[in-house]
Amino acid sequence: MQSAIIVFPGSNRERDAAVALKRATGREPLHVWHRETDFPDVDLILLPGGFSYGDYLRCGAMAAQSPIMREVKARAAKGVPILGICNGFQILVETGLLPGALLRNASLKFICRRVDLKVEKTDTIFTAKYKQGDIIRVPVAHGDGNYVADAETLKRVEGNGQVAFRYVGEVNGSANDIAGITDETGRILGLMPHPEDATDASHGGIDGVKLFAGLAEALAA
Amino acid sequence: MNNQGSMNAHDPKAVALAKEHGLSPAEYQHMLDIVGREPTLTEIGIFGAMWSEHCSYKSSKNWLRKLPTTGARVICGPGENAGVVDIGEGQALVFKMESHNHPSYIEPYQGAATGVGGIMRDVFTMGARPIANMNALRFGDPSHPKTRHLVAGVVAGIGDYGNCMGVPTVGGETNFHSAYNGNILVNAMTVGLADANKIFYSAAAGIGNPVVYVGSKTGRDGIKGAVMASDVFTEDSQAKRPTVQVGDPFAEKLLLEACLELMETDSIVAIQDMGAAGMTSSSIEMAAKGKLGIQIDLDLVPQREEGMSAYEIMLSESQERMVIILKPGREGDAAAIFRKWELDFAVIGHLTDTGRLVLTRHGKVEADLPVLPLVDEAPRYDRPIEPTPAPAPVSAKDYPLPAKPLDILKTLVGSPDLASRRWIAEQYDSLVRGDTLAGPGQSDAAIVRLPDSNRAIAITTDCTPRYVVADPHMGGRQAVAEAWRNLTASGALPIAVTDNMNFGSPEIPRIMGQFAQSIEGMAEACQALSFPVVSGNVSLYNATGNEPILPTPAIGAVGLIEDASKIAKIGFPAEGLTLLLIGEGKGEIGRSIYLREIHGTEAGVPPEVDLKVERHNGDFVRGLIHAGAVTTCHDVSDGGLLVAVAEMAMESGIGAKLDLPAEAGLLFGEDQARYIIATANPDAIEAKAGAAAVPVRRIGTTGGTALTLGSDSVAVKTLKDAHEGWLPAYMAGKS
Chain B
1 MQSAIIVFPG SNRERDAAVA LKRATGREPL HVWHRETDFP DVDLILLPGG FSYGDYLRCG
61 AMAAQSPIMR EVKARAAKGV PILGICNGFQ ILVETGLLPG ALLRNASLKF ICRRVDLKVE
121 KTDTIFTAKY KQGDIIRVPV AHGDGNYVAD AETLKRVEGN GQVAFRYVGE VNGSANDIAG
181 ITDETGRILG LMPHPEDATD ASHGGIDGVK LFAGLAEALA A
Chain H
1001 MNNQGSMNAH DPKAVALAKE HGLSPAEYQH MLDIVGREPT LTEIGIFGAM WSEHCSYKSS
1061 KNWLRKLPTT GARVICGPGE NAGVVDIGEG QALVFKMESH NHPSYIEPYQ GAATGVGGIM
1121 RDVFTMGARP IANMNALRFG DPSHPKTRHL VAGVVAGIGD YGNCMGVPTV GGETNFHSAY
1181 NGNILVNAMT VGLADANKIF YSAAAGIGNP VVYVGSKTGR DGIKGAVMAS DVFTEDSQAK
1241 RPTVQVGDPF AEKLLLEACL ELMETDSIVA IQDMGAAGMT SSSIEMAAKG KLGIQIDLDL
1301 VPQREEGMSA YEIMLSESQE RMVIILKPGR EGDAAAIFRK WELDFAVIGH LTDTGRLVLT
1361 RHGKVEADLP VLPLVDEAPR YDRPIEPTPA PAPVSAKDYP LPAKPLDILK TLVGSPDLAS
1421 RRWIAEQYDS LVRGDTLAGP GQSDAAIVRL PDSNRAIAIT TDCTPRYVVA DPHMGGRQAV
1481 AEAWRNLTAS GALPIAVTDN MNFGSPEIPR IMGQFAQSIE GMAEACQALS FPVVSGNVSL
1541 YNATGNEPIL PTPAIGAVGL IEDASKIAKI GFPAEGLTLL LIGEGKGEIG RSIYLREIHG
1601 TEAGVPPEVD LKVERHNGDF VRGLIHAGAV TTCHDVSDGG LLVAVAEMAM ESGIGAKLDL
1661 PAEAGLLFGE DQARYIIATA NPDAIEAKAG AAAVPVRRIG TTGGTALTLG SDSVAVKTLK
1721 DAHEGWLPAY MAGKS
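Order-wise, the sequence lines are chains B and H. The numbering used here numbers the first residue of the first sequence as 1 and each following residue consecutively. The numbering used here numbers the first residue of the second sequence as 1001 and each following residue consecutively.
Keep in mind that a hint or two might mislead.
What the hints assert, rightly or not - Quick list of in silico lysine-lysine cross-link-like pairs, BS3-like style, CA-CA up to 25 Å: (1) B:LYS109 x H:LYS1198; (2) H:LYS1198 x H:LYS1289; (3) H:LYS1340 x B:LYS73.
Because the hints were derived from the structure by calculation, they are not lab data.
Please build the complete structure, drawing on both the sequences and the hints.
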């Protein structure tokens, strides 16, 4: 399986993601610089955590307008799976590949800690190795993870079963405790927590391993 | 400019102007002797900045020389942007701690943020990628009306900057004391990792080589910041807000990546970040180190604002900027890298053989000064010192337990200085890069794995100002010893120190005496513990009017862990383990938190640090961790033995049954050189301790969900609620 990590100038968790992907797939992911618009065909595109272009405006808003995201959108339309983590999730909602928006945490403070997530959806390539209702422990590290959507969108997202992960307990004010959602096809996942930082015993937990292992299995070429 | 020969500082207007720039009449006269004619405003500004306490260390230099700065691992000691130590396998650690006290009091968010930005630049300037940030913070009394606002701003500023940079903030310390009411301390530390044979230095070389400016544009922020930081605060200090810099962590992230990319090519002769006194100190220090001249056309400096004068450009402390001396012909490739990262890149001048700094603006010479005298002839003062009188000792007998020990314990773990710092730590990304093996509160030192290896480093920041004020000598010794002990308790071999000397006005003999005595105590400890000082920073004039801060020689220290699987954390890992106290105490309660919080007095003599015992006990404990015999260890420090046990219990949720008499000195004394370990094989460890002549004592057994002492008992959860509750409640305005 060949994956590509999109690197914006302010990305800062691309290394964490690369380590997790390599550990799961045995293969070094491509690093695609944000100014490139042409990169080889890949089995997975990962948008990593960080602060894409500084995010002084709205997180991910500028990245959503970047040339590379036009290309990511085109690949998504062809069915290439996309995984957006943290800033990557913010970019996906700003791009419109996922519904809703991510606002400042309800506490108005950055939050870095390990949280419990409930797995809500297992019929995706990202979550196939989890069991419905599994509680997994994964860190969050964000200032803008408060998921919101208008009532109609929220109803649709819930009705379609697009919620992949939910926080157990209050973390950042997210509507319905939503921590991660997919698009309607289940080929695009965005989530605020960092499964890539829960893939090694030294991280204090390995509950993120199944996500990457599941991808490696599903996308094995 | 008219050359008027030798000058005398008679003109009262000129003397007043010099004073505005922090130059005394004698210093101004010395400057005139060097310049030999009427100086321009820009030149006065340059002298004022270079000869400020902040840049010249004029009051402290003679004392700093007493610190040991060499050792087998030291690649570069004090004097460069940061210290460099060899950690084997071709790798080096580059680290330093630096203060941003004055700006953080005036504008806490930006002051703290740019403090973090500045120290990271110091580290990556030398070719190292920052892998961990730490900090040491001191705030005023919680009841002071400004404290809450300052805590909130400083923490957010540190967090936002480090989080955006993608450098984990893995630990630190925070104290509250009324002596900091009008002058908080924000000391930030960065540790970076570099190839030992690819360290970059700041000495300019090569006549004709291009002088290059990279990074963000220059604006009017932070002008005269170094001068501001070299004076005590007065009523109108808030009017100095324009002297506080504004941080842009995204620009710094770009600068970091661009510099590291340029360093991969063979292009750089010398590199220096623009920190305090901006272009002035960077250009002059680089030229002085290379004993060369430097010619700069200020029109070529990228500028954010229109109509900036030579004076403003030279004294701006705009952030995220660097000066680089390139090898000839490398400009094109270097420019391409900075273009890629969307940063300014401009050749602004070249090195000369004149030994002079020559600045032009709009074709006019605005400064023409000899470089070396600006540095070498900077004032150096042997300020009068007055030693701190020895405090009257107190005895534990005079301060008996006023309540049941466990009730006192509950009060202590929920008191401002001992309460959980989680509210702070969770605002810092402590996990990015995926190598944090022990983050805030998990071990006595933060532990960070070296990328793609099984080696790790440990980092700590320590100082106990309430000891230092009582006995600066012992307090200086203790700060170093505690840092060494914390590294040891994590399983690391302590290797080197950075110091951040925060004191009041050096012009007051009593304060200068605190400084001098602290240095002597630190030097002894560094010597005895083979713990050289490789970098540091001095921040004086930390006072508001006549009220100085507590003397605070903050120590940042790093240690090396050769096998990342052999580390120790503080939480009880299981029930049924025996608790052993390594080391012994006399029940010293002088200056203890018990005395302050329970008896309301800050009296007595601080605990003695016997450096021989410290090293002996510490080496023994570290040996146990290295041998894999111990994985749970916590030093006994603030609050004493019972607090240490409680911290171990609260970290894991597992309780303990303690077998200790209800004596204040034993339970709450802060005697040094002690550790608690939890073990399933107490007999083996006691045998080893016996053979090594290290005192050891069984103090209890882990188990259950409560701490039990005699017939008294308290649920770990009750303690934890008190411990975790204070800071969030305080910040929410509820306590």
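Tell me, which hint numbers fail for this structure?
-> 1
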